[in-house]
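Novice: Sequence:
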Amino acid sequence: MNPILKEVDYELMDISCDVFISNGYIPKKYTCDGENVSPPLNINKIPKDAKSMAIIFEDPDAPISTWVHWLIWNIPVTHHLKENNVVGKQGINDFSKHFYCGPCPMNGTHRYIFKVYALDIILNMPDNTKKHLLLRAMSNHIVGYGELVGIYKREK
Numbered sequence: 792m793n794p795i796l797k798e799v800d801y802e803l804m805d806i807s808c809d810v811f812i813s814n815g816y817i818p819k820k821y822t823c824d825g826e827n828v829s830p831p832l833n834i835n836k837i838p839k840d841a842k843s844m845a846i847i848f849e850d851p852d853a854p855i856s857t858w859v860h861w862l863i864w865n866i867p868v869t870h871h872l873k874e875n876n877v878v879g880k881q882g883i884n885d886f887s888k889h890f891y892c893g894p895c896p897m898n899g900t901h902r903y904i905f906k907v908y909a910l911d912i913i914l915n916m917p918d919n920t921k922k923h924l925l926l927r928a929m930s931n932h933i934v935g936y937g938e939l940v941g942i943y944k945r946e947k
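The opening position of the sequence shown corresponds to residue 792 in the numbering used here, with each subsequent residue numbered one higher.
Because the hints were derived from the structure by calculation, they are not lab data. This one's a predicted model, so the numbers in the text were calculated from it and none came from an experiment. For each residue, glycine too, the CB sits at the ideal point set by N, CA and C. There may be inaccurate statements among the hints.
Stated by the list, open to error - Taking CB as the label site, the calculated pair distances span:
hint, residue 1, residue 2, range
1, Asp800, Thr900, 16 to 24 Å
2, Lys839, Gly899, 39 to 47 Å
3, Glu946, Pro867, 18 to 26 Å
4, Asp805, Pro867, 35 to 43 Å
5, Val878, Arg902, 19 to 27 Å
Turn these sequences into a full structure, and let the hints guide you.
Specialist: See the structure below:
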């Protein structure tokens, strides 16, 4: 669980995906070994007072520390995000990129977490925003939260 959420009162949202089950393998298409596009996401139980959504996609099993693969915010409130559909503002991930970078573990099987936030605000953040600044800006505006975990291991 994200430490920032301990102090926040929020509703739990249901996050799912049509191409992999929770704690199941992420298909190659959505990784660095495939097309490297974001998978479709289904979001249910969105709070009524949500004005926008944000996603942080990260690898908590990276060797040094949690590795951020995607930051996106100001997503219009929706129950379905289509595959490879950017409908929001993207920040800088740990690859120093402004776009989705799929799973690409150097070794072993890693967990990848899509953390989806419902916010009661539209954020005014610059393009060079990184995870810590996004979390700080969201901290008092989270009204809903849910996550989807997938796993991936590269073929040798």
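Novice: Indicate, hint by hint, whether the structure satisfies it.
Specialist: Here's how the hints hold up against the structure:
no.: 1; hint: Asp800 / Thr900: 16 to 24 Å; result: 35 Å, violated
no.: 2; hint: Lys839 / Gly899: 39 to 47 Å; result: 42 Å, holds
no.: 3; hint: Glu946 / Pro867: 18 to 26 Å; result: 37 Å, violated
no.: 4; hint: Asp805 / Pro867: 35 to 43 Å; result: 19 Å, violated
no.: 5; hint: Val878 / Arg902: 19 to 27 Å; result: 26 Å, holds
When held up to the earlier numbered hints, the structure conflicts with 1, 3, 4 and fits the remainder.
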